[in-house]
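Enquirer: Chain by chain, the residues run as shown.
Number of protein chains: 2
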Amino acid sequence: MLRVALAQINPTVGGLDGNRRKIAGTIQKARESRSDIVVFPELALTGYPPEDLLLRDQFVRDNLKALAQLAPQTKGITAVVGFVDRDKNRKLYNAAAVIADGKLKGIYRKEKLPNYGVFDEKRYFTPGENNPVFSFGKIIFGVNICEDIWADDGPYHCQAKAGAQILINLSSSPYHAGKIKQREELLKKRAKAMGVFVCYVNLIGGQDELVFDGGSLILSPKGKKIASAGQFQEGLVFADLKITPQRKSKSLKNKKVICVSKANPAVKGKAVELPAIRALGAVEEIYEALVLGTRDYIKKNGFQKAVIGLSGGIDSALVTAIAVDAIGRENVVGVSMPSPYSSAETKADAKRMAHNLSIRFIEISIEHIFKSYLETLEKEFVGQTCDIAEENLQARIRGNLLMALSNKFGWLVLTTGNKSEIATGYCTLYGDMAGGFAVIKDVPKTTVYKLAEFYNARRKKEIIAHSIILRAPTAELKEGQKDQDTLPPYDILDKILKDYVELDKSPAQLNKKTGNPKLIKDVIRMVDRNEYKRRQSPPGVKITPRAFGKDRRLPITNCYREY
Amino acid sequence: MLRVALAQINPTVGGLDGNRRKIAGTIQKARESRSDIVVFPELALTGYPPEDLLLRDQFVRDNLKALAQLAPQTKGITAVVGFVDRDKNRKLYNAAAVIADGKLKGIYRKEKLPNYGVFDEKRYFTPGENNPVFSFGKIIFGVNICEDIWADDGPYHCQAKAGAQILINLSSSPYHAGKIKQREELLKKRAKAMGVFVCYVNLIGGQDELVFDGGSLILSPKGKKIASAGQFQEGLVFADLKITPQRKSKSLKNKKVICVSKANPAVKGKAVELPAIRALGAVEEIYEALVLGTRDYIKKNGFQKAVIGLSGGIDSALVTAIAVDAIGRENVVGVSMPSPYSSAETKADAKRMAHNLSIRFIEISIEHIFKSYLETLEKEFVGQTCDIAEENLQARIRGNLLMALSNKFGWLVLTTGNKSEIATGYCTLYGDMAGGFAVIKDVPKTTVYKLAEFYNARRKKEIIAHSIILRAPTAELKEGQKDQDTLPPYDILDKILKDYVELDKSPAQLNKKTGNPKLIKDVIRMVDRNEYKRRQSPPGVKITPRAFGKDRRLPITNCYREY
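Chains as they are written, first to last, in the working numbering: chain A, 27 to 589; chain B, 27 to 589.
So that you can see chain A by itself, here it is in the shape it has in the complex:
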């Protein structure tokens, strides 16, 4: 019987000391619970992804030093810890250290390096070769890292062939909506196909554009879930694996077996209790991703408070609700900045939203400043008709006021633009796009509505007022303006955006689907033309299979026209 502990922790990129202490503390807890082995996520020591920190020699050395400092913490227990390994030719590896009884017993180097989507691992790492498997007495186990278990020809094949009865996978697998199901299905498939226990540990936490959702679990060789750590929270979960030591003596070429402990693991007395983990609903999961991503961006960057422009619309209402859940109502400030085009209703809704959340509320009219701009520009604008220039001015005055509050009081500005707006460029650069973190930048408008409904339902209270939810979306930058004067209805738009942005469908395919080539052309043109705006956008939480940012790298200068 082997007692395995999965350490679903939240490390910080670059925070080597803090991460090391967190890992050491968790090893201590796992030992107290009489675990034989405690497993940490991929690159737990450095945080994931460390990006170009990896190019700094001292960073890699400091990470190796931190690993060495961990070794003495492993008396009487085995720990598997993700770190950056370096060989004598100074090549780097995304690696797992197997440490036991105060000593580094062996190292596994990741073989399959993802270099797509948000991943750039081939920029830094060399793929591992000739990796060993490991043993406790007569029990053999294989270690592999994230992508290794996704690849159809991954190293788990030869680990199982070498006699491994357990596969341990260290992951840093970023979240998108519904990904946990994909992961669980894949891991089940692997467990059953190989006939082994699978111990999967994923980290949690926000890191710039990414949020990691955890979902660490242990599966039996029949694909049954034995333990699970849930999503978006740190956790240390245990399971007792009923394994009959049956070391096969198949000698595989290049497959070294490193003995971690000579004795077979003993029965531990009372079995560990498995906490009941409730699976999150589809919308709830996205909400939790946004809260964690926002909290970690704020906290890990050293901010205490956040400030949000409250327009009385649904986007800013939702972002404020998320911010309150992320850092507490006492740390969130809502600012209403009405103009002559703001209606009494939206002004009242902004105020009510702040009241419902019990946050500090500031109202600053932009009328006086707007007038001063128009007067100052009068000479240059003479004879010109009022257009987008005047609309953007208002958005930019608001951006400036929020940034002035940010600069004066040290509050982080959270922006409130959603994915539908950012995709089509229905937003103002340096205006509503101005801020440190774009909470819902990857959330399509139709999902914004679902999140608002979910939020009220969870609170069993109309915190986001129905008037906000029901009002036709408007930027209120000119008289009687509605989003739908410029954009197609959001339910139609969001479907096209998903197909074009996330799935790379061609106009021909979209025309077939919608039967409306004019609409498709208009939408694609908007998306293509606004790459320059997105390039200057703050980061925000990725919740879809393809977010704007490093997940989608299109040139700004781009003369390709498919339509």
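Please keep in mind that the hints were generated in silico from the structure rather than gathered at the bench. If a hint is listed, it holds; no wrong ones were tucked in.
Treat identical chains as interchangeable: a pair holds within one or across any two.
Below, computed lysine-lysine pairings styled on DSS-like, alpha-carbon distance capped at 27 Å: (1) Lys325 / Lys576; (2) Lys138 / Lys576; (3) Lys114 / Lys538; (4) Lys282 / Lys148; (5) Lys531 / Lys117; (6) Lys148 / Lys205; (7) Lys148 / Lys576; (8) Lys205 / Lys215; (9) Lys576 / Lys524; (10) Lys531 / Lys205; (11) Lys504 / Lys397; (12) Lys117 / Lys148; (13) Lys373 / Lys508; (14) Lys325 / Lys547; (15) Lys405 / Lys331; (16) Lys218 / Lys250; (17) Lys508 / Lys434; (18) Lys434 / Lys405.
In this text the structure is predicted, and so the values were computed from the model without any measurement.
Based on the hints, put chain B in the right spot on chain A.
Expert: Okay, now just chain B, sitting in the frame of chain A:
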């Protein structure tokens, strides 16, 4: 005797039709000059780098269609054209098509894929294998692509072994200062070591953060430069290679020889004339890179005119001079936006600069608007001391005014921040950082001075006034402010920045060099803390070995502290 033409063209990313027409026209010209073969740069058909356009099936298909349309243009001549190849498993290759007499004769697929610095080729491409060599009668030649010739174990070895007397390299090699020397030395080394002619063709043009400088050339087997196309300009250069057909019949495993033409090339009568190319000076080269990068960003993105905030300082003076050289004085507008902190001298210098360049000049005081902000914020700011918030407000008012002009008249805003400022965060997000293109964002302040001196010397006239060059740098955002109140002297700062940003030196190494740990700590802290600003910066021309942007990918959320 083989007549080779190198087509140093300026394609546009995604502009398949335009690029195809440009290539067809160039093939026509090369045929008129009785060339046997005309060579185009790497991915000439798609432009470089096409980035995630490559993930779109239709884009790849359209590129293959464009290639097919080129074939009929090659009657009586051989063309080697960079394009995206796709195999039956839908894998993509960075490839060169060898087309002759109306037919696609063969394809070379790039073997060495760069995935460092600004390059992400492993994100898209599969490395080529089992590539052929090609022949004209008894003359064998090898084709390879960019990185292939840089790698010590590149495919040129076995191409030479297979009997190639000529190596043709198609490149899209981005510029940084002095790189042309590195390139020429490398190519000479390869020519001499392999005992072959080297025909190297590189593209020119600006593409977002990158500028390509050309420098195409032909070297003899002794490493002598036979022809050269110069930098930063399109060109079609010819050379007659005196080759004795001497096909070696070494049969190399996997090395197929594709016959392009059965006949040996004949003597063409009058030898081609080699244009005299003057090598650019070190500072001149950077200046030309900035002009071309700026021109192409403006033109390829469909803009006619640009607008620049003229402060009376050296950065905006230089950027304006560059803009005038890029798009003509009639297309550049300078805007002076004085505040109460602007001195009479800087105001006069701004005006004089516009006058010296004969550009349109607008003066808009920000005083009235600034006052309206202070009045509006009075209640919130009561009891607070005047600080960075008020300074940034002024910069942001200027940013807003430029954007208002941009929105009203369709002018592109060029920003004027230099690398020293952007590295240390001595700049205002949404203020002086607001704009479409950051012309000198990769130019250290000390190089800004050199460029200004070079500019005046070239014009033999004090266009950038000495008063501008000699004035102590100041942002003029508060009374008596000087850059050096906040930053170390630029000559000291720029050396530290080069070591830290471009060379990844550690604080320990820098302390040793400077003997000033406090200074190093301050500078590194400034650089680290301001990653969030740089992430929201517009693109600008890379001129150093490591620019901010996709060349240097550091996390914003980053708790690594080396000091």
